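Chemist: So the sequences go chain by chain: A and B.
So the first sequence is residues 1 to 284, counted in the working numbering.
So the second sequence is residues 1 to 106, counted in the working numbering.
Bear in mind the hints are in silico, worked out from the structure with no lab data behind them.
Watch out, some of these pointers could steer you wrong.
Said to hold, decoys possible - Lysine-lysine pairs mimicking DSS-like chemistry, simulated, CA-CA at most 30 Å apart: (1) 56/B - 55/A; (2) 55/A - 79/B; (3) 56/B - 34/B; (4) 85/B - 34/B.
Said to hold, decoys possible - Facing chain B, a subset of chain A residues (Cβ under 7 Å, in silico): (5) 10; (6) 17; (7) 18; (8) 23; (9) 24; (10) 26; (11) 29; (12) 34; (13) 45; (14) 48; (15) 56; (16) 102.
Every value quoted in this text rests on a predicted model; they were computed, and no experiment measured them.
Note that the Cβ used here is the ideal one computed from N, Cα and C, for glycine as well.
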Amino acid sequence: MNRLGLWLAEKLALALDSQERDALQGDHAELGVTGALAVRDVLSLVIRRQLQFWKDWRPWLALFAVIIPLGVLISLASNYVAVSSSVPLFIYVSNWTPVFLESPGSRSDMLRYAVAVGNQYLVLICWSWAVGFLLGSLSRRTIPSNGLLFCLATCFVSLLLGGGYLGAVYPQLLLGVLVLLPSIWGMSQSTRLASAPRFLRNLSLAFAFVTVAVMALRNWGLGLCAWGTLQSCQAWVLQTGYASLFGVLPVQQLPTLPLTLVGPFGYIVARILWRKQFSACSAP
Amino acid sequence: MLGEFEYLVLSAASRLGEEAYGVTIRQALEESTKTNCSAGSLYTTLDRLEQKGLIKTCMGDPTPQRGGRPKRLVRVTGKGVREAKAFYNAILHASRGASWSQEPTS
């Protein structure tokens with residue numbers, strides 16, 4: 001228990017500046033504090049630091065431009081994927097027989113289903129990654145609090161919507177694996193580019209922004225649909241009406257994969273260019 | 001004008017001299033106030049005092065006793081001494097005549 005507490009305190013301390021982290025962990029080592037005390041101590045400092053950072057405008061921009069709108073939208077998209085994929089999944093799981101693999105017809109059906117669902121999963125992962133990267137880039141110092149708020153926003157919407165045919169576990173599982181983990185990954189990768197040249201940081205940020213913006217524009221219908229449901233209106237009519245008003249397709253669904261790959265692609269390009277630049281500078 | 005906790009930290013750092021860093025300041029504060037002092041309140045106060053130019057901090061050498069990590073050493077500046085003295089005088093002045101204050105013997 002003590003070791004777990006110390007391990008947790010060490011992980012929480014990553015949210016602090018390196019010098020402050022060293023000083024605090026040194027204090028703990030010198031005093032030989034217990035795990036629980038170390039966690040309490042680190043948390044007290046992390047919370048105070050995070051609150052201080054919120055005096056700046058950047059975390060507020062991240063909250064209102066990314067966390068709330070995109071957190072809600074991506075959670076709706078995750079729920080949409082869960083519900084739409086749960087029907088065939090439920091059929092396959094509850095009626096599984098080797099005949100599914102033996103018959104060429106059902107085999108090709110299964111393959112088509114697997115590709116479609118895999119595509120949706122991958123799209124959601126890339127989109128979430130790009131949102132996390134954008135969030136981290138907008139306000140690097142408040143990543144812990146912004147990350148927490150993003151997780152809370154998505155979980156809240158997901159719990160509000162409930163599950164599909166496979167109950168409440170499957171949507172929450174998808175949200176955790178396809179949305180929360182990739183977005184946290186994106187946030188942590190935005191910190192890895194923190195010391196890169198400004199041009200490369202802006203390049204990767206622009207690519208992530210393209211993915212996030214395009215995905216939001218293509219999927220805003222999901223938001224309307226949910227709004228219509230919450231208002232007990234005919235969601236379809238509402239969605240179609242608003243969508244026609246703005247001159248876009250009435251049904252907005254998750255888009256094709258290439259658009260979502262733009263964000264991660266930009267990050268990879270920036271990393272490669274940075275590495276090349278670094279090795280060119282350090283060469284004798 | 002200093003805050004109450006800022007004054008306590010300045011006093012502890014001044015008393016400790018070259019031995020003023022996180023652990024010792026915290027112990028001194030807990031000893032004098034008989035209450036727990038969290039790392040959060042201490043380190044944010046140290047930052048605030050440094051921004052005001054009342055103290056200077058620097059990282060010391062890493063020691064094995066601290067798991068190879070350095071201390072954040074604290075030194076009170078001249079401005080810090082003046083501010084602390086002003087606060088002390090203000091408290092003395094404000095407390096004069098209060099039921100809990102002892103009138104100086106003439």
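Chemist: Next, verify each hint and record whether it holds.
Modeler: Each hint tested on the structure:
1. 56/B - 55/A: With a Cα-Cα distance of about 24 Å, the restraint between residue 56/B and residue 55/A holds, given a limit of 30 Å.
2. 55/A - 79/B: holds, 27 Å
3. 56/B - 34/B: holds, 26 Å
4. 85/B - 34/B: Cα-Cα ~23 Å, so holds.
5. 10: violated, 11 Å
6. 17: Nearest chain B Cβ about 10 Å off; hint violated.
7. 18: For residue 18/A, the interface hint is violated, since the closest Cβ of chain B sits about 10 Å away, which is over 7 Å.
8. 23: holds, 4 Å
9. 24: holds, 6 Å
10. 26: holds, 3 Å
11. 29: This hint holds: residue 29/A lies near chain B, its Cβ roughly 4 Å from the closest one there, short of 7 Å.
12. 34: Given a least distance of 14 Å, the restraint on residue 34/A is violated.
13. 45: holds, 4 Å
14. 48: holds, 4 Å
15. 56: violated, 15 Å
16. 102: Hint violated; residue 102/A Cβ to chain B Cβ min 62 Å, cut 7 Å.
Of the numbered hints listed earlier, those contradicted by the structure are 5, 6, 7, 12, 15 and 16.
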